[in-house]
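J.: All chains should be built: construct the whole structure from the sequences, respecting the hints.
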Amino acid sequence: MSYGKYVLRKGLWYLLTFFIATTLVFIIPRLIPGNPISAIVAQMGSGVPSESMQRVYESFIRDYGLDKPVVLQYIDYMKNLFHGELGISFSLYPKGVTEIIGEALPWTLALQIPAILVGWILGNLLGAYAAYKRGKFDKVLFPVSLLVSAMPYYVLAILMQYIFGVYLGWFPPSGGYSMSAFPSFTFDFMVDILSHYTLPFVSLVAVTIGSQAIGMREMSIYELNTDYVNYSRMLGLEDRKIVSYIFRNAMLPQITGLAISFGTMVGGSIITEIVFGYPGIGTWLFNAIRQNDYPLIQGIVLVITITVLFANFFLDIMYGFLDPRIKAGEMEEG
Amino acid sequence: MEKIFECVDLCKTFQKGRKRIEAVKNASFSIGKGEIISLVGESGSGKSTLANLMLRFLKPTGGEAFLDGKKIEDYRKKEYWKKVQAIFQDPFSSFNDFFSVKKILERAIKISSYPSPDPEERIREAVEAVNIRYEEICDKKPFELSGGQKQRLMIARIYLIKPELLIADEPTSMIDAVLRAGILELLLKLRGTTIMLITHDLALAYYISDRMLIMQNGRIVEEGEPQKILEAPEHPYTKKLIEDVPKLSEEWL
Amino acid sequence: MMLEVKDLSASYVLPEGEIRAVDDVSFSVDEGEILGIAGESGCGKSTLAFSISFLFPPPLRHVGGSVLFNGKDLKNFNDRELRKEILGTKISYVPQSSMNSLNPTRRVKDIAFDIFRAHMDISEKEMYERAKERLDLLSLPESVLNMYSVELSGGMKQRVVIALSTLLGPELLIADEPTSALDVSSQRIVLKELKKLFKDGVFKSMIIISHELIILKHLAHRIAIMYAGELVEVGETERIFKEPLHPYTKALIGSVLEPGKRVEREKIPSLPGAPPDLREKITWCRFYDRCPFADEKCKRKQELVERDGRLVRCERGKDI
Amino acid sequence: MNLKKRAGALNKKLLIGAIIFFVILIVSFAYPPFSKRDPLEMEGMMFEPPSSLYPLGTDNFGRDVLTELIFGTKTSITIGFIAGSIATLIGTTIGVFAGYCGGNTDNILNTITNIFLVIPPILILIVISVSIQSRSILIMSLILGITSWPWTARAIRAQAQSLRNREHIKMAKLNGESLAEIIAFEVLPYLASYIVMAFILQVSTGILNEAAMSMLGLGPTDTVSLGTMLEWALLFESARIGAWWAFIPPGLAITMITFSLYLANSGMDEIVNPRLRGVV
Chain A
1 MSYGKYVLRK
11 GLWYLLTFFI
21 ATTLVFIIPR
31 LIPGNPISAI
41 VAQMGSGVPS
51 ESMQRVYESF
61 IRDYGLDKPV
71 VLQYIDYMKN
81 LFHGELGISF
91 SLYPKGVTEI
101 IGEALPWTLA
111 LQIPAILVGW
121 ILGNLLGAYA
131 AYKRGKFDKV
141 LFPVSLLVSA
151 MPYYVLAILM
161 QYIFGVYLGW
171 FPPSGGYSMS
181 AFPSFTFDFM
191 VDILSHYTLP
201 FVSLVAVTIG
211 SQAIGMREMS
221 IYELNTDYVN
231 YSRMLGLEDR
241 KIVSYIFRNA
251 MLPQITGLAI
261 SFGTMVGGSI
271 ITEIVFGYPG
281 IGTWLFNAIR
291 QNDYPLIQGI
301 VLVITITVLF
311 ANFFLDIMYG
321 FLDPRIKAGE
331 MEEG
Chain B
1 MEKIFECVDL
11 CKTFQKGRKR
21 IEAVKNASFS
31 IGKGEIISLV
41 GESGSGKSTL
51 ANLMLRFLKP
61 TGGEAFLDGK
71 KIEDYRKKEY
81 WKKVQAIFQD
91 PFSSFNDFFS
101 VKKILERAIK
111 ISSYPSPDPE
121 ERIREAVEAV
131 NIRYEEICDK
141 KPFELSGGQK
151 QRLMIARIYL
161 IKPELLIADE
171 PTSMIDAVLR
181 AGILELLLKL
191 RGTTIMLITH
201 DLALAYYISD
211 RMLIMQNGRI
221 VEEGEPQKIL
231 EAPEHPYTKK
241 LIEDVPKLSE
251 EWL
Chain C
1 MMLEVKDLSA
11 SYVLPEGEIR
21 AVDDVSFSVD
31 EGEILGIAGE
41 SGCGKSTLAF
51 SISFLFPPPL
61 RHVGGSVLFN
71 GKDLKNFNDR
81 ELRKEILGTK
91 ISYVPQSSMN
101 SLNPTRRVKD
111 IAFDIFRAHM
121 DISEKEMYER
131 AKERLDLLSL
141 PESVLNMYSV
151 ELSGGMKQRV
161 VIALSTLLGP
171 ELLIADEPTS
181 ALDVSSQRIV
191 LKELKKLFKD
201 GVFKSMIIIS
211 HELIILKHLA
221 HRIAIMYAGE
231 LVEVGETERI
241 FKEPLHPYTK
251 ALIGSVLEPG
261 KRVEREKIPS
271 LPGAPPDLRE
281 KITWCRFYDR
291 CPFADEKCKR
301 KQELVERDGR
311 LVRCERGKDI
Chain D
1 MNLKKRAGAL
11 NKKLLIGAII
21 FFVILIVSFA
31 YPPFSKRDPL
41 EMEGMMFEPP
51 SSLYPLGTDN
61 FGRDVLTELI
71 FGTKTSITIG
81 FIAGSIATLI
91 GTTIGVFAGY
101 CGGNTDNILN
111 TITNIFLVIP
121 PILILIVISV
131 SIQSRSILIM
141 SLILGITSWP
151 WTARAIRAQA
161 QSLRNREHIK
171 MAKLNGESLA
181 EIIAFEVLPY
191 LASYIVMAFI
201 LQVSTGILNE
211 AAMSMLGLGP
221 TDTVSLGTML
231 EWALLFESAR
241 IGAWWAFIPP
251 GLAITMITFS
261 LYLANSGMDE
271 IVNPRLRGVV
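Just so you know, the protein sequences line up as chains A, B, C and D, in that order. Numbers 1 to 334, taken from this note's numbering, label the letters of the first sequence in order. Numbers 1 to 253, taken from this note's numbering, label the letters of the second sequence in order. Numbers 1 to 320, taken from this note's numbering, label the letters of the third sequence in order. Numbers 1 to 280, taken from this note's numbering, label the letters of the fourth sequence in order.
If you are wondering where the hints come from, they were derived from the structure by calculation, not from laboratory data.
The following residues of chain B were derived to be distant from chain C, with all beta-carbon distances above 10 Å:
#1 Val-8
#2 Leu-58
#3 Lys-110
#4 Phe-143
#5 Asn-217
#6 Val-221
#7 Ala-232
#8 Glu-234
BS3-like cross-link-like pairs, simulated, lysine-lysine; straight-line CA separation at most 27 Å:
#9 D:Lys-173 <-> B:Lys-78
#10 A:Lys-5 <-> B:Lys-16
#11 B:Lys-162 <-> D:Lys-170
#12 B:Lys-240 <-> C:Lys-199
#13 B:Lys-25 <-> D:Lys-173
#14 B:Lys-240 <-> C:Lys-195
#15 D:Lys-170 <-> B:Lys-82
#16 C:Lys-84 <-> A:Lys-133
#17 D:Lys-170 <-> B:Lys-33
#18 A:Lys-241 <-> C:Lys-84
#19 D:Lys-173 <-> B:Lys-16
#20 C:Lys-132 <-> C:Lys-109
Computed from a prediction, not measured in an experiment: that's the story for all the values here. The beta-carbon is built from N, C-alpha and C at its ideal position, and this holds for glycine as well.
T.: In structure tokens form, the structure reads like this:
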């Protein structure tokens, strides 16, 4: 199988996954009795809400075509999705969900992408080094990374917020920038942004390092025992070279591992944002849930799903590019 | 000679993605009662697929096979496996490590067509027949036994079931050469059972069999008595195979 | 003498205990000689291959004895010097499992370059030319250089491995079961190539390890038989086949099957039992339990002694 | 080296992990029945620091943190256990059938698994939880359990696949044994250690996800759990107020529970795969 075919197959597969994921988001709330949609419809009838809320609900029902049969609702839902129309927020009426997410998403991406990348790279380097060195370094590193990775994102986040933000007061404990600061491209504002960025960033990096180091250590130990490593030694290759072999080959499964752990990471970073009151989509989701803002909840869930699928697709493409076995069609695709 | 097994144009193709792999192509041969016939082929020749077809682990995609003149699909599977049994090559995965030897053989008795009032006695006989002391191993788990012992127990199982046809798939390829003869001897002692030996080792096939089938790329390319095949091979592949087998007495490299 | 192995012992040290896989082994290899080492699974022959190159990947550990290569004691080299100055250039190695011996994510060319770079300073162009030449000698096309391990067939992989192992023209080549994973036809091709390289002087001496005695008969000048971590007999190939002095050698030779030499069906000798557990310390003849000739006198330590120009670890002599 | 000896060689990680976990388990399950305190009762003032009356202080509602902690740990572990059992059961069933049966069964099951593997479980959790207004411990466990099976299925499938061509399975077929018998006697025993390991991890996943959902405001509605404690601590900004006793105890409890489970799992892994131990 050529690389092109591999990419095509992966692309189709992700398209299928996309349809299933979005369909689940559509169907699940409608399957459960007492679901938010019928609750909203019920509230409409009871006339309890204020006049402005009444208008909000009406637009919701119109946008989602809730008065139509489910099949048509589904078609409308998919149509809107493709046009990027995610409806209107209840809590911030008449602001559109797409608009809210559009404002929040850059914050989230700017926080998560660097954090995941830095954590992934550092974690893998540490893991490979621990596996190769064994001995004391490994004995210390392993339990520490285990403890760090056992510490949930949010616990680490709260601890860091308390210790560095409140107790020591080194960094601002929450927010994306100071209330008093005016968003602009000035040096002062950048410093302000960075100081707010530090704690959530470091807490995300730390947890990512822990879990990635453990996985990499295991993969590297496996690679260390392979025949080609022994053969390379017997041919007199230097340790440095052999470590680079091991690192590269052990990293391939780590790329797949990263793809799988994306789901967990997303969940973790949503809550990290909440803890630090960071103005990303995690915090918006938190507020939306508190206020029963169903269109916003659904919109955020969809956007995260799509982002994760894209990231996974990208990783798969990279993986296929890096591993010659994929090109030779020798390996089963996981 | 009375035929016990017959294949007519047996075929098996696998679909792997867009690739069609013809593992067995129009295999036709018959096995006489009491005969020791061997199927010789290199890796990828389709010999294991053929064995799996004969054992009904796989369904053929073409052709037919008969046991005692009756189509093999017409037997109920349990009935069929009463008559056709197998031993395999890998002593390390050949037994369930969670059961004792005694229990493993008790489970094998279920399929045998010779119900016995005293199963333990029959197991003892079978184990002793392969030159292992029953008391020594009956409560042991397979991982406590050596490779040679396990291969013997495999044969003890056959002694217990007494099938009409035994398919021996590379029974000695994973054990030491000095133990091989012992295993072969036990196979030869299985009087009354027809044996089909599947092997990559021409020398072994030559040594043990009455008739040989040579398989290449899914096809049976030559059939005959060992002596005849060795002295006057007809198919070029057979010629090459014979040439390539290491020999003690003549120049080989 | 090119290689001299003296009283070499090596153990696998596991939490469950020590397994003495190579026990007090001594032998030598001359320049221009092929030594065959024969033995069955678990006898320690692969461990011996590692130990000769003085690499002891954990949990394998050097216990005692020395390896002299051209008079230099390998013990005096540290790990870095050993790889820089000896391995790959002077002593090279062909592994048993060629299937997994090539780094799956590197092209053959890059592996070859890595080997050159580890030992010498030449231009990439020259490396390429030299690698191409060596492949050519093994009748492999130039295109193989741009391939990954997965794109090669089993027989080709093994030849690529041989090409890589002999890239720097080593003085001694250690081949550990070079054909055990191959079909008979590939086996013959690979062994022929090895013999050709030897005749062409690509390498000067070879130790070839195999469980198939019959292969050694066609390649080796001398054969050492290994049993349960010890050498039990060392001698010239012809003489060993003609008149084995150790009962185990005799059993090994007897178990060789060959088409055309149809023995009476019941007459192939077979040994009962299994080799002893190497975790236990055995102070008497290790073959005692399986030996058809053993008697009371045998239950004591047997030394490897010279008899009729051969080394034998059995005092019974010709009456077996 | 045989299996028994390997398992017998006491693994330190497994032992330490198991001890920590069982101490937490015993305390949190043995104490509540004897306790006169109700974890939900508002006894004191908001955020009272630790004192002899309230060894770990009070929370934002003036509830005793220690009592909450013990009851909350019990709830979290219960949810983790039920969710873990459900996930392991679903994952093992799918994994065993996919891996052992192969062919089309495998294709279908594996595609489903892979799809659910890339859709972040937390999103499905949110979608389900938003729709359910009142969430009991059981409902919570159920939701968590049915969303986290995919990677267990994946891991078990890989192991089952490696068993498929083992010869004892062919022998069992030749003994005339049924599919159910083969799976029960020839496949599952070999997978037992992997299933236990998957279960251990699933329990910790359940506990972690419960807390995550609670912090989003989608936790159990009628009881106190480690997650709801964190939720309230977060909502009332205890960290910024400096009321460390409101969030450190539940945070530490979750960390210790998951740490002990990871440690036990890693110890078991070393027993099953000796090369990780650093000797082989």
